[in-house]
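> What follows is each chain in one-letter form.
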Amino acid sequence: MIPADCFARLPELLAGDADLVRRGRWLDVECRIEIGSEPFHLSLRQGALAALERGPRLMKSTSFTVRGTDEAWRRHWRRMPEPGWHDLFALTKRGAASMEGDLRPLLQNLQFFKDLLALPRRLPETN
Amino acid sequence: MAPVLDPMIGRYVRLDIDGTPHRIYFEEAGQGIPLVCLHTAGADNRQFRHLLADPEITSRYRVLAFDLPWHGKSTPPDGWEKTEYRLTTASYTAAIRAFCQAMELEKPVVMGCSIGGRIVLNLAIAHAAEFRALVALEAADFQQPWYDTSWLHRPDVHGGEVCAALISGLIAPQSPPVSRHETLWMYMQGGPGIFKGDLYFYRVDGDLREKVKTIDTGICPLYLLTGEYDFSCTAEDTLRTAAQIPGAQVQVMKELGHFPMSENPAKFSEYILPVLEKIATGSGR
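Which chain is which? The protein sequence lines are A and B, in order. According to UniProt numbering, the first sequence holds residues 1 to 127 in order. According to UniProt numbering, the second sequence holds residues 1 to 285 in order.
Bound-form chain A, shown alone (with noise of 0.2 Å):
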């Protein structure tokens, strides 16, 4: 399975996890996770995914973007992640990943971002 096809879980994976939703709960945000070419529109309600739009939407409104290769991912989700590919702040510093627009609400909400991020670790599909 490609990580974009992982990726893609997403809302059976964060609808399965009542304690990161509750964690996330002060959060409304219009956001955009690229997973190697392929960008995702995410839309986050209270903490839960309101929607999940794979591919190019054409002007499509984002507050932040954060990108990473096929095999940032990859590497990432690992269940047991190797040193310097197990968090998001790791990606970046290798230039495996960035951050892009308003980042406030990605900072206020960091905790729930990171661990959002990391959720497709729980798949067999990614070990």
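Just so you know, these hints were derived from the structure itself, not from any lab. Nothing here was measured: the structure is a model prediction, and the numbers come from that model. Hints are supplied without guarantee of correctness; some may be wrong.
To be verified - Simulated crosslink set (DSS-like; lysine-lysine; CA at most 25 Å straight-line):
#1 K114(A) / K93(A)
#2 K107(B) / K211(B)
#3 K254(B) / K267(B)
#4 K107(B) / K114(A)
#5 K107(B) / K93(A)
Since chain A is already given, all that's left is putting chain B on it; use the hints.
Coordinates of chain B only, in the frame set by chain A:
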């Protein structure tokens, strides 16, 4: 039923640092060689609670862990509300020496982690003869920044939560969840702007490149240990630093990150006990 008590005892000591009166909180346990422990940036001495409770260590070391001024239960100096906190190489070095002097410690071992590891390198550069041995955890002469510290202290972002979330990735994934979250809890409790102020030392004022080459391990043995999951001070950063210091003993710790003593105390014991054994017996020289 008798109360179940941890063995460490906490007290406050009054001392002057660069002429300013301070009330410093510390905890101690054990008897023997003084071992002074320095916590990481934005944290406090609770990171060392497992060392303070380890009879293999306290049977021959008097372990003392103090909270830096502005941290933990150490009171900020009078008039703190009118200043912006910034740690510097000079102020950090002065605080450690003042504590050792006030406590009348004779040639203590100093072990510090992260900023504590960096300042241990400065002790080795500038004051080696005052110490029996120096242990630098997660330390290097310099390391590349990996985020903008202006996010750490601003009214629209919760300082404690963003500090904890940022450093959470420095904990190894193998660390027990309870220890991981205890480590994060300490970061959530730091005073406003304190983590950022500590990082002034780490990023701006405390660049020890070139200076580490002057360290003489013949005067004072130096040990460097870094966790493989620490991407702030990477294993490569530590190995590069150690390669410039003849006689420095270096080890990369598997399945550990930036907070070895608190994120996985049992795993850290495997690495630190042999070091403390060498120091106690003098076999590391």
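> Next step is simple, just say for each hint if it's right about the structure.
Now for the hints, and whether the structure bears them out:
1. Proximity of K114(A) to K93(A) is assessed by CA-CA distance (about 15 Å); at most 25 Å being required, the pair is judged to hold.
2. The straight-line distance between the Cα atoms of K107(B) and K211(B) is roughly 23 Å, inside the 25 Å bound, and the hint therefore holds.
3. Restraint check for K254(B) and K267(B): satisfied, since their Cα atoms lie roughly 9 Å apart, inside the 25 Å limit.
4. With a C-alpha separation of about 44 Å, the suggested pairing of K107(B) with K114(A) is violated against the 25 Å cut-off.
5. This hinted pair does not check out: K107(B) and K93(A) have alpha carbons roughly 39 Å apart, beyond 25 Å.
Of the numbered hints stated above, those contradicted by the structure are hints 4, 5, listed in ascending order.
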